[in-house]
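There are 2 protein chains.
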Amino acid sequence: MSQGKFVYFFGGGSAEGKAEMKDTLGGKGANLAEMTNLGIPVPPGFTISTDACELYYENNKAYPEYIVKEVEQHLKKLEAQMEMKLGDHDNPLLVSVRSGAAVSMPGMMDTVLNLGLNEKAVEGLAARSGNERFAWDAYRRFIQMFGDVVKGVPHHAFEGALESIKMEKNVENDNELDADDLKKVVSRYLSVYKDAVKEPFPQDPKVQLWAAIDAVFGSWKNERADKYRAINKIEGLKGTAVNVQSMVFGNFGETSGTGVCFSRDPSTGENYFYGEYLMNAQGEDVVAGIRTPEKLSTLQEGSPAVYAQLVEIKDKLENHYKDMQDMEFTIQDGKLYILQTRNGKRTGQAAVQIAVDLVKEKMIDKKEAIMRVAPAQLDQLLHPMIDPSVMKEIQPIAKGLNASPGAACGKIVFTAEDAEAWFLKGEQVILVRKETSPEDIGGMNVAQGILTSTGGMTSHAAVVARGMGTPCVAGCKELIINQENKTMSVGSKVFKEGNWCSLDGTDGLVYEGAIDLIQPELSGNLNEFLTWADDIRNSAKREGVADGFGIRANADLPVDALKGREFGAEGIGLCRTEHMFFDEEKLKSFRIMIVADSKERRVESLKKIMPLQTEDFEGIFRAMDGLPVNIRLLDPPLHEFVPRSKRDIAELADIIGISKEDLQVRLNSLEEQNPMLGHRGCRLGITYPEIYDMQVEAIARAAVKVQKEGIKVLPEIMIPLIGTYKEFIPLRENAEKILKSVFEETGITVEYQIGTMIEIPRAALTAEDIAKYADYFSFGTNDLTQMTFGYSRDDVGTFVPEYVNKKILKADPFQTLDQHGVGLLVELGVQRGRSTKANLKTSICGEHGGDPDSIDFCYRAGLNVVSCSPYRVPIARLAAAQAVIRN
Amino acid sequence: MSQGKFVYFFGGGSAEGKAEMKDTLGGKGANLAEMTNLGIPVPPGFTISTDACELYYENNKAYPEYIVKEVEQHLKKLEAQMEMKLGDHDNPLLVSVRSGAAVSMPGMMDTVLNLGLNEKAVEGLAARSGNERFAWDAYRRFIQMFGDVVKGVPHHAFEGALESIKMEKNVENDNELDADDLKKVVSRYLSVYKDAVKEPFPQDPKVQLWAAIDAVFGSWKNERADKYRAINKIEGLKGTAVNVQSMVFGNFGETSGTGVCFSRDPSTGENYFYGEYLMNAQGEDVVAGIRTPEKLSTLQEGSPAVYAQLVEIKDKLENHYKDMQDMEFTIQDGKLYILQTRNGKRTGQAAVQIAVDLVKEKMIDKKEAIMRVAPAQLDQLLHPMIDPSVMKEIQPIAKGLNASPGAACGKIVFTAEDAEAWFLKGEQVILVRKETSPEDIGGMNVAQGILTSTGGMTSHAAVVARGMGTPCVAGCKELIINQENKTMSVGSKVFKEGNWCSLDGTDGLVYEGAIDLIQPELSGNLNEFLTWADDIRNSAKREGVADGFGIRANADLPVDALKGREFGAEGIGLCRTEHMFFDEEKLKSFRIMIVADSKERRVESLKKIMPLQTEDFEGIFRAMDGLPVNIRLLDPPLHEFVPRSKRDIAELADIIGISKEDLQVRLNSLEEQNPMLGHRGCRLGITYPEIYDMQVEAIARAAVKVQKEGIKVLPEIMIPLIGTYKEFIPLRENAEKILKSVFEETGITVEYQIGTMIEIPRAALTAEDIAKYADYFSFGTNDLTQMTFGYSRDDVGTFVPEYVNKKILKADPFQTLDQHGVGLLVELGVQRGRSTKANLKTSICGEHGGDPDSIDFCYRAGLNVVSCSPYRVPIARLAAAQAVIRN
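Those protein sequence lines, which keep their order, are chains H and A.
Under the UniProt record's numbering, the first residue of the first sequence is numbered 1, with each subsequent residue one higher.
Under the UniProt record's numbering, the first residue of the second sequence is numbered 1, with each subsequent residue one higher.
For the record, the hints were derived by calculation from the structure and aren't laboratory data.
The reader is advised that the hints may include incorrect statements.
[As the list claims (entries may be wrong)] With a straight-line Cα cutoff of 25 Å, these simulated DSS-like cross-link-like pairs (lysine-lysine) come out: (1) Lys599(A) x Lys807(H); (2) Lys705(A) x Lys586(A); (3) Lys806(H) x Lys772(A).
[Unchecked claim] Incomplete in silico selection of chain A near chain H, CB under 8 Å: (4) Gln300; (5) Ser303; (6) Ser605; (7) Pro761.
We treat Cβ as the ideally placed atom computed from N, Cα and C, and that holds for glycine.
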């Protein structure tokens, strides 16, 4: 029975593999094969496939006989081609044994170099290279690496042995040891090895080879690698491949060397051949940083022929792979070898620059360019960040959640009121709270950054900060905040009010003191790039869905609306009216309304709010001239607005003329056991119709006024938290009555739509009924996720991190839409809605609207529009275009 | 064009209608027609159909010409048959105009009697009857009734006129007025009428007739009728019919009379001819209660021929309708007329008795008998109730929600501790609380009844009380409870600790003092009847579903398990383990566990609980010998168990040896913003595996021990709150590991199953995955309803009553399953679950398991079992049998 092929040879100008075989050969193996076929000088070798790795694990960490045979056949072929033999006394073949999975996992798995050396072969190597010191140094390194990687001999045991020789010789550096010293080192290393492993160092190179292959396969499932795959969501791989490759040496002498180069600048994207190298050195020397590497220009001067060959290879590879290449090369005795090439990692800025340049160089088309940039990479371009040159010199004092990207620095304050007061005095502040609440909005708005000690990625602080584009580190558990004394401590370090601190919301880090920030610019390239994305997005065609795929911004204030528009939003997808109530004047009237004991009193208080609310809407309508604005009527439970401080309660009691105690009773009656599932959203609209009436009137009056100014106003009124169409009908009727009366009174009519959020599971399940009455649906996936999972996003901190850790959840469902469960409800909602209204407009306006995977899902689910925070609009534009291309 | 037929004649031994035409003729009209066709003496007349009523409303409260014509043709036919004429001077025809819908709505709509009288006809009536006083009295009554019903003339206006004549004549009673006096009354009435209506009383009988028909049709949509239909969930009717029928008079003299009779006793069901009548009286006199009616036996003595005829008719009608009949009769001048017959309303006891008797008399078959008893009627038979003879004499002091049926009386106490203390002293107590919490369990358990001032039908008090079968009036808002002073007041009335009070949980009423209760017995009839229901239920056949339809009880304690078994439960459908933690000893250890700061400490505390928990399970297993017991592992959030009183906190701090302040910090960290959506159920099982480990070990040890006693133990272990199969897998693995180790240790193996609750929407949506690993599903429709609607059952009191009132919701979804929304999830869960496990056992264990409509839904949805509180098991058995017959 044929078991298939498990080992693939490369060398002598041809290879059995190719670049497309990454799944089987791993990235490194596939590229080594591809380069060999391209005629690029690659030291010959062979790749043991990922299938063998899978089999190794299935087979209880052993190899079937046929794999052993296949490896040995390929080893023979390699020896024949190299005209050398593993372990040979005269002409020993040395090989490297390296890991290489289909997805790059740098540094996570094991490598063994210089394999094949033993007491005989080391002599052969010395003779052949004419460099005894080199040979014994290589043997020493091999024993140490093999001992460490394959047998787990502690590093310090070898270091101790080396140190003892250096002390005996009274020298400081390794390179001061000569061949004889190194022979002694080897001898001591062999003892160290034997003591630790309880058996002598294997002299048989085959034994060495199989042990090394074992170690590499074994490293696929080491803790480090498992964690790396979990963090980077790498799934579905069969395992790692093992590359057994003949060694070339950059430390053969002064005509040898080794280096790394990029075909373009990985940090700016500039089309400039960028690299570093060291003569007479091995790769590990470059990494160890003992010597400072040279720039490639030095190579050009010193070895113009080698440099020219390198440039030629670079061009060939970039042209072949049609992407920026990251290459490793070694020069042995003046002869150039390429040991690795891969598509180079790059910054967001470089990613965009390279993608745009490659299109202009006609190497790739626009679609390909769009697919080349990961949406998350754009995030870096849209926020201030800590000056990278400073970054190297400082250490964070604490780490929390990277709740809202960007960096900030300012003076620490502990209350929202202080933040506002200090801001008015011209100070930059960082607002530090255990957690924030809607009352803190004013302070959050003026703070440079927000830091909390509790709460998750969707805590109030995090959500609001992302919406505002304010950097935020949330849930930083190491902080102990004492609100009363106005201190914050980390370990023994205590910060007082007014002390400087800095935040990096992109990585969730907190720094002491004020740190220099840089303000990245939106380059012209990015604009051009996003225009291509828009073209693709706007030409999207799906069966049963209107053409295109829209992007809107969530914005509650004119300034945010403008920001969204500037970043390319095609309308406001969610304008939350509740945030508007948090300025002092409105809040006061709103609180009087909340505790009023009669409809008349409520109406009276609401009348005072109306003109102010009207102004809010006017500003947004003006900002969005010609673009639709989707306004959500009041959503949260009333108690979110109730005063909590003694002062505020006393003041309110005073205004309405009752005792503080009586007021407290009314306030208590607003408390709910599970406010998220309580009296909120349209439920308030039904029981207190006067609230929505006021809001609709404010919308109508603002729309009429702004339209009179010659501005095109397209209001959409969204009723939240609908669970049955029977809630929607009377609320729509009420709203239309008011709109009509304002239009009649003013003689001006404005086009409008009235839609609903689908955020209650029951709404999705009965969408066919609701669609009969609603002009559009917007999926509120935050609440939909809460209720579909039964997770309160305020409380999941106690178990969701553990769930993600244990892989019970792939990801926090508040960050990435749960496509299987919540997604099914979205799909049902769309299908059922369109079953009674074929062209029903559907959109998403939860936090997920800015998440690339979720955007892809929304496209597949047939949604017309996604909406996200203004600062994520460029990311969403790119992700949406990718979704269109992908599907 | 033919518009169809709208008017149906009956009289002269034949009728155009029949009993099956209720939808068209209303119940009364259809039965009048049927009786006419049966040869029973019915005064002739005609019925204007419900179609005409529908048309009347569609036609803006007017009649098309063809209906007017049809009515007048039938009137002529009636006049011809009666040889009388409406308004005739010599021989005037008098008619009654009565409503009659397809479903009986007693007293909700209008009636006009004696129609056709005017100044001429009254003379004719006087002459024909030879009784001038009778004629003028009839005219007086007619003017008053017409004025009141048709024109809305206030009752007191006529009363005043009558009183003035009585005062002028200086008499007290109406019957002291003679013909001349009544003529004066008529004259005054006509003035009253003219003053109020602004036009004279219509003398044209046709005008009278059409106005009366208008009034009856109009009364179909009066407020009273609307409300009645809403309360009784009467839907889908076209309208009322109008019956125009020639009048007969029971007040013609001493050979005349009128009465009501039942073919069997409506309160006991005994086969005994039961009725009351009055000689020389009209129906309204019987109702007014001025004279005491006679028993039928008196009629038998006084008018044996008439009585014999009545018995003959009664037998004929009962045989014809095959059900107990409620009849109205009038004797005019010794001649018997039947004015109405219908299936009589009856008590639950009578319903069962009659159904069983009719089967034994071979009038109906068992299926028909099963359909004859409304499941809700059984409720009366299963709880103590207030002695009906006492009921008439007392007035409730307050009304709340009928949260748990049955009556109770006892001395008022205000804390659970007091309840327990007083109980130990031999007192009967009523526990009065604003609301109860799990800590009150002990007190609730010993209380005769529970009374709360807040909370709804699914509040803690209500749910627990129903589970215990303890009467409960919840959410009684009129009560002001002062826990500190231990007083309760209603208006100005103040009750202190130790005062007696009584509750009627069936109707939600509160009484002052101790009231006599009667303990109803489960009659042999009921047992027999339910056995028939079981036979039907057990033989249920559905495609793709195992045969039969099981009933289980929810029970947490052996005593409840026994009660369930006694009432016919075929197993325990839900045994909640959390209630078991509320006895003092376990609670103490559990609290130590909750606040422990290490796994070791938690395990230590759990070890102390285990033997106690094992005993709980042993008791239940013994009680349910041979029947399955489904045990749910810990479900609620931990903070439900934390101590709240200062004393308890101090005590706990003492035990674990930390300061009260430090303990408070730990307790606070357990608080959640939305505990219903927080860290609970299997989420605790994942993060603190030691808790479920302890519970599973207790189940295993109890099962082994009891099985050793020769008892058949069938444990089912249910993991709550699963949202993804990835939660279920490790929890199942853990449980099986522990079961295996106990079985190995003891050498005894017990059959078991491990299943899950489906109560998170996501679980239903992804049931195909979960079914791969779970042995069974039990739908927890309480939580499923909470999350599908986004309603916290603790908080819905603020809007759900208003929603039901405004018909936004048909019913409180926590009482009756929302079949459209939540039901869709149940159906999806069953279908998806069975898509990967064809024979997956499914059941329901929420509060809905005892609701007849929901049981019908569960049957249709393909569930195998419903489970409900022990006290509702008989109701569920009946409802389940009806579901099988119906579908």
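Against the structure, the hints come out as follows:
For the given pair, Lys599(A) sits about 22 Å from Lys807(H) by alpha-carbon distance, which is consistent with the 25 Å threshold. With a C-alpha separation of about 21 Å, the suggested pairing of Lys705(A) with Lys586(A) holds against the 25 Å cut-off. In summary, the hint linking Lys806(H) to Lys772(A) is supported, as the alpha carbons are separated by about 20 Å, within the 25 Å threshold. The interface hint given for Gln300(A) is violated, since its Cβ lies 57 Å from the closest Cβ of chain H, which is over the 8 Å cut-off.
Contact between Ser303(A) and chain H, as hinted, is not supported at the beta carbon level, the nearest pair being about 58 Å apart and thus beyond 8 Å. With a least beta-carbon distance of about 19 Å to chain H, the hint placing Ser605(A) at the interface is violated under the 8 Å criterion. Given hint, Pro761(A) at the interface with chain H, holds; its Cβ is 5 Å from that chain's nearest Cβ, closer than 8 Å.
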